[in-house]
Amino acid sequence: MRGLSLKHVLILLLAVVLVGLWASQAHAQEPTPIPVTDDQVNAIAKQLYCPVCENVPLDVCGTQACAQWRALIREQLSKGWTEEQIKQYFAEQYGARVLAEPPRQGLNWLVYIVPPVALLLGAYLLFRGLQNWRRLAQEETVALAEAESAEEDKYLKQLEEELKRRGD
Amino acid sequence: MEGLLMNEHQNTPTPVENPQAETQRKVGWGRILAWGALLALLAVLALGLRRTQEGPVQVGDAAPEFTLTTFDGEQINLRDLRGKVVVVNFWASWCKPCEQEAADLEAAWRYYQPRGDVLFLGVNYVDTEPEARAYMQKFDITYPNGADLGTRISQAYRIRGVPETYVIDQEGVLRYAQIGPYSSLAQIQSQVDALLTTSP
Chain A
2 MRGLSLKHVL ILLLAVVLVG LWASQAHAQE PTPIPVTDDQ VNAIAKQLYC PVCENVPLDV
62 CGTQACAQWR ALIREQLSKG WTEEQIKQYF AEQYGARVLA EPPRQGLNWL VYIVPPVALL
122 LGAYLLFRGL QNWRRLAQEE TVALAEAESA EEDKYLKQLE EELKRRGD
Chain B
36 MEGLLMNEHQ NTPTPVENPQ AETQRKVGWG RILAWGALLA LLAVLALGLR RTQEGPVQVG
96 DAAPEFTLTT FDGEQINLRD LRGKVVVVNF WASWCKPCEQ EAADLEAAWR YYQPRGDVLF
156 LGVNYVDTEP EARAYMQKFD ITYPNGADLG TRISQAYRIR GVPETYVIDQ EGVLRYAQIG
216 PYSSLAQIQS QVDALLTTSP
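Protein chains in written order, with the numbering used here: chain A, 2 to 169; chain B, 36 to 235.
Hints were generated in silico from the structure; no laboratory data involved.
Hints may be right or wrong, so weigh each one.
Taking beta-carbon pairs under 10 Å as the criterion, some of the chain B residues facing chain A (in silico) [to be verified]:
1. A56
2. Y160
3. D162
4. P165
5. R168
Ideal placement from N, C-alpha and C gives every residue a C-beta, glycine not left out.
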């Protein structure tokens, strides 16, 4: 009975040691918060817009709602979240309109396509307009020169005829 | 036979493309496409502008459907609440005027809760969960509340700010729109009672 008790004690001690080791390892595996600077928070905050304060980027917005959002960004950064993860979280939670840069999908593509296309089209139309303008100006100059030459020829011919007649 | 050339070996007319006509045809299609694209763009802009210019949902219209996921994880669909008067309150923890009506809303909910035919729903607008929970604890709010995920519900109701409260009748029709905080418990009760007394 005494031997059995000793065995039990040994097993119990072993169990305590193992549990202690496991607990210390588990404790060591807990993520330690990463120190986060204001610049890191603002780098992400300036890419977000709170729907309450329209057209004011989150990094310079002074409302309580924006302060809460910045605190949330800080907390997420301290947990090791990436910039993309944080932006995605905000878009899912509050809608894509909080993003300074609209996601490239659906009608949002218009924002990316229309301005450059309009710019290129405008440049092309301007180029064509200038080309036509220059061509018309050249044609006008040629026509004017031809008209002047024809007019000169007419008088020259008349003069020559007169001289010839008088000479005769 | 302009535009056609006789093939000497086959004695059959072969169409010859008129470059000028071809260019004109291309220019014609280009213009149609350009005008079409411009009109489509204007239509999209007009629709967007019209949507932003629309005021809140009109009283007498069907209340926009939504599903609210509460902070406890329960999903509540407005469509499933037919036969009940539903009071939908938009609020936020950072909203000071919301605090003015918080106690009255909770008192009204506790007053009607035993009846079973009135439900209060809190839609937490552009807020962070810890602050929202702290607010609910502060005002001892017990009716179902949840975040307005993606601001979909607030956009459907086209709210201009918080607090705003919409009272929906048993048929799913919007009967009262309270823009700004309620001034008293009696004001909430007067709106809900009006719908309960006219219920079929």
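Subject >> Interface hint outcome for P165(B) [beta carbon to chain A under 10 Å] >> reply: Hint holds; P165(B) Cβ to chain A Cβ min 9 Å, cut 10 Å.
Original post:
Given R168(B) was flagged as interface, is its beta-carbon under 10 Å from a beta-carbon of chain A?
Top reply: 13 Å, violated
Original post:
Taking the closest Cβ pair, is D162(B) under 10 Å from chain A?
Top reply: 7 Å, holds
Original post:
Holds or violated: is there a CB of chain A closer than 10 Å to the CB of A56(B)?
Top reply: 20 Å, violated
Original post:
Under the criterion of a CB-CB separation shorter than 10 Å, is Y160(B) in contact with chain A as hinted?
Top reply: 8 Å, holds
The structure does not agree with the numbered hints 1, 5 stated previously, though it agrees with the rest.
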